[in-house]
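Chemist: Next come the chains, spelled out residue by residue.
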Amino acid sequence: MSTPTPDPANPLEAEIAPDIEEVRAGADSPVSEEAVLTVEGLDVVYEVETPVHAVQGASFTLRRGEILGLAGESGCGKTTLAYGLNQLHRPPARITGGSVTFHGRDGEDVDVLALEGEALRAFRWSRIAMVFQGAMNSLNPVISIKAQLEDVFTTHRPGMDAAARRARSEELLRLVGVDPSRITAFAHELSGGMRQRVMIAMALALDPDLMIMDEPTTALDVVVQREILQEILRLRSELGFAVVFITHDLPMLLEISDRIAVMRAGRIVELDTAENLYFAPQHPYTRRLLGSFPSLTGDAGDFLRAGYSTEGTR
Amino acid sequence: MTTETTETAAPPTTTAAIATTRARRRRPAPTLVVGVGIVLVIVLFGLIGPLLVQDPLAIGNDGMQPPSAAHLLGTTQTGQDVLAQLAYATRGSLLVGVLVAVLALFLSAFFGILGGYLGGWLDEGFSLFTNVVLILPGLPLMIVIGSYVEQRGLLLIAVVLAITSWAASARVLRSQTLSIRNRDYVQAAKIAGEKPWRIISVEILPNLLPVMSSGFVFALISAILGEAGLSFIGLGVVGTQTWGSMLFYAQNGQALTLGGWWWFVPPGFLIAALGCGLSLINFSIDAIINPRLRSAPANARRVRRAEKKEEAAA
Amino acid sequence: MTTLTAQDLDKTYTLRSGLRFSQLRAVNGVSFELRPGRTVALVGQSGSGKSTIAKLLMQLERPTSGSLLLDGKPIGRRGKALADYRHQVQMVFQDPFASLNPYHSIGHHLVRPLIVHGRATSRTAPGAAKELLDRVNLPADDAFMARRPHELSGGQRQRVAIARALAPGPTVLVADEPVSMLDVSVRLGVLNLLARLQREEELAMLYITHDLATARHFSDEILVMYRGEVVERGDADEVILNPQQEFTRKLLAAAPEPGTNQRFLAEARRRGVPMPDHLAPQEDLA
Chain A
5 MSTPTPDPAN PLEAEIAPDI EEVRAGADSP VSEEAVLTVE GLDVVYEVET
55 PVHAVQGASF TLRRGEILGL AGESGCGKTT LAYGLNQLHR PPARITGGSV
105 TFHGRDGEDV DVLALEGEAL RAFRWSRIAM VFQGAMNSLN PVISIKAQLE
155 DVFTTHRPGM DAAARRARSE ELLRLVGVDP SRITAFAHEL SGGMRQRVMI
205 AMALALDPDL MIMDEPTTAL DVVVQREILQ EILRLRSELG FAVVFITHDL
255 PMLLEISDRI AVMRAGRIVE LDTAENLYFA PQHPYTRRLL GSFPSLTGDA
305 GDFLRAGYST EGTR
Chain B
178 MTTETTETAA PPTTTAAIAT TRARRRRPAP TLVVGVGIVL VIVLFGLIGP
228 LLVQDPLAIG NDGMQPPSAA HLLGTTQTGQ DVLAQLAYAT RGSLLVGVLV
278 AVLALFLSAF FGILGGYLGG WLDEGFSLFT NVVLILPGLP LMIVIGSYVE
328 QRGLLLIAVV LAITSWAASA RVLRSQTLSI RNRDYVQAAK IAGEKPWRII
378 SVEILPNLLP VMSSGFVFAL ISAILGEAGL SFIGLGVVGT QTWGSMLFYA
428 QNGQALTLGG WWWFVPPGFL IAALGCGLSL INFSIDAIIN PRLRSAPANA
478 RRVRRAEKKE EAAA
Chain C
23 MTTLTAQDLD KTYTLRSGLR FSQLRAVNGV SFELRPGRTV ALVGQSGSGK
73 STIAKLLMQL ERPTSGSLLL DGKPIGRRGK ALADYRHQVQ MVFQDPFASL
123 NPYHSIGHHL VRPLIVHGRA TSRTAPGAAK ELLDRVNLPA DDAFMARRPH
173 ELSGGQRQRV AIARALAPGP TVLVADEPVS MLDVSVRLGV LNLLARLQRE
223 EELAMLYITH DLATARHFSD EILVMYRGEV VERGDADEVI LNPQQEFTRK
273 LLAAAPEPGT NQRFLAEARR RGVPMPDHLA PQEDLA
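Protein chains in written order, with this note's numbering: chain A, 5 to 318; chain B, 178 to 491; chain C, 23 to 308.
Hints listed in this document are in silico derivations from the structure and should not be mistaken for laboratory results.
Remember, predicted model here, so these are calculated numbers, not experimental data.
Quick reminder that beta carbons are idealized off the backbone N, C-alpha and C, glycines included.
Among the clues, some could well be false.
To give a feel for the contact side, a few chain B residues facing chain C, derived at Cβ under 10 angstroms [what the hints assert, rightly or not]:
1. ALA369
2. GLU371
3. ARG375
These stretches of chain A come out as covered by chain C in the derived footprint (C-beta under 8 angstroms, 3 or more residues) [unchecked claim]:
4. 255-263
5. 276-283
Far from chain A, some chain B residues (derived; all Cβ distances over 10 angstroms) [as the list claims (entries may be wrong)]:
6. VAL230
7. SER245
8. PHE287
9. TYR294
10. LEU386
11. LEU402
12. PHE425
13. ALA473
14. ASN476
15. ALA477
16. VAL480
Only chain A is shown next, with the shape it has when bound in the complex (with noise of 0.2 angstroms):
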């Protein structure tokens, strides 16, 4: 373990909890050396009056129980790739080029971009689980949470009795940190934290190897969403999947990710290391990212006040 002692001198940092390192860190890391997702040169293209690349040759390889965190600003692409990735995306979206292999915990290899079918939705959901962006707003608000638990089960396993789906629903809210016995509430008795919780249960359902994470965060406070992160880094570490975590949060992303790759304009500009990020960003737009916004602590305050900087028109 990696926490520091506290400084004296600087009080702040004293009542920082070491929480999220103390889950990241604790326990053994589960990334593995095997490689759960291949994508090469993955090509998306928005096929409108003039096509626009929305993604142009990403490239990348998610090890086994890895988190590797996605970052961008709006538009650049990032969701449009994690959505490439398990063939979410919608027309007027289309992949042009590239390959995006899944390996099975058996060896075998997938091609997921040649699914179709009932074999895609099959493997969508018990393979690489989505959780959307905003995704707390998505559960039925007139269908209780045990119907919509156990209904991921009738329709994916349905070998399944009625029994073992009920167990099986609680067992999932109780792996996500929900009481089990608040199963049989409606979306609307449960906070955003708690939705967003039984969102990833649902995800979780079917035993997947990837979890994609579309800013599952950012509609929360920092209070719940520091909860929440520290629920996936723990899920993480018990469950053994891999994550790939979209958010335009870089300071976020470098506190929970194995890997984070930056995106502009279609194109990973970056791809390394959390800290290697860190301490040394290579591209001068992850640099631009990584400083553009002052610090809770460090003295470059009185800038703004000061004015001498530029305001830029963007």
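Model the placement of chains B and C on the given structure of chain A, informed by the hints.
Modeler: Frame of chain A, contents of chains B and C only:
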């Protein structure tokens, strides 16, 4: 989809409506073209037709004649020219329809928008009144009023039809207004110092236009059908010919049993055609309101086209 | 030069679910003073009552009790007095995608407040609107005035919203999370714009945010809100660097930011770079 849509296709907000009207200016949807075409032909027939045809009430000796050179659509039992009657009836029906639609539009806008914006007791009162009118059974009420009044002029019928048909769209407008009222841009206009009437007419109303025009078209269809129904049972406008009154006389003149199809098919066909044309226009308005409806087929087409092009190139 | 004083503001909402009524105390005894040239930051979680205070200040809601004073005098609530108040106190909304009417041009958004507040006639308004655009670093030409909100980027829209707030010539500005919906790389630019305008006009400013770092660097005084109440207040640096309350500490700990990254801080100290240079704020590197 998410952020990427903003820069490629239309943004998934109300702004899409504007973007669509622009896109539409370039290439109107086929449903809109066909719908407007049908309606335009019927309207022109109603406007110009009466100037060109013979006297529709002139009785002749050649009753129940099938279409011929002298009478393009044949004659009625009393030897009146069906084409001439049809031209005048088209004018009458359209007049009733437009009158009713305009009246209903004003009533629904007044009760829906004003109540929704001002809120409070006024809204409660307006809402209650709207709901009471909504559950008034339309046709029986018209029958009661129709049989009560001796001189059933065009205006009276139009007013009766309007009174029984505005409530539904008033409810739609109210709920839309309630949601727009709390949008930031309306609050911002308030803070900027705008007067309530200006906020309603300049900031809110334009955003209701698609809903209102859809309601207008719907009121037009139902008014024409309602009038036809009333006339058919003999409670329609006295002294003005409409499609309904033509059908009423055709029924009375035993057109069906005598095999005089030329007497009842033309008005029936025009009612169906106008309903069809107006519905097509309504669908296009729906597509403008809901960008997903609009762009989905076009986007799928674009992707297919791009795929074909690629195959051809390979 | 105007001072806006809030005294013991209270706002209780009555919620109805079916036949049951319940009370929600959104704001509870909040007092502060906005003085010319100074910024007060209001920080807290979502639902802590920050935005309700903005609504009370803008007279979009009425306080249940407590009062607002403009230069010591109770504020006007209707008619001419309300118009005068709106002349003095303006606001920038959080979401620039929602605060501009999608139906209207950029010009409309600027010309209207100019005319309503008698700062220009309908003939001189377009010119005055262009001056406003210029002040917020946007292209001051007819082409830009004719554009619609959806044709602009988030940062541009927020600049338009700021220009609109400036149009009546206010002396007090309420900024409700003005950058939280914007891309990180444009946030600093918008904040610096607000800071410059404040200096130029000696504006009294209320900066509402959940971001403690900008609250510290952007404001003179910080009020930390929790469940409708101010739990801690004081000099900006003091509150952030030496928090007294448990809740303030919790908020500070929750904010992800490179300067306090627990994962690498120890390593950074070991390497002798407690704060790598590139983590210092900078702009337009690319």
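Chemist: All the hints need checking, so say for each whether the structure fits it.
Modeler: Here's how the hints hold up against the structure:
no.	hint	in the structure
1	ALA369	holds, 4 angstroms
2	GLU371	holds, 6 angstroms
3	ARG375	holds, 9 angstroms
4	255-263	holds (count 4)
5	276-283	holds (count 4)
6	VAL230	holds, 48 angstroms
7	SER245	holds, 55 angstroms
8	PHE287	holds, 33 angstroms
9	TYR294	holds, 27 angstroms
10	LEU386	holds, 26 angstroms
11	LEU402	holds, 35 angstroms
12	PHE425	holds, 48 angstroms
13	ALA473	violated, 7 angstroms
14	ASN476	violated, 4 angstroms
15	ALA477	violated, 5 angstroms
16	VAL480	violated, 4 angstroms
Violated hints, in rising order: 13, 14, 15, 16; the structure is consistent with all others.
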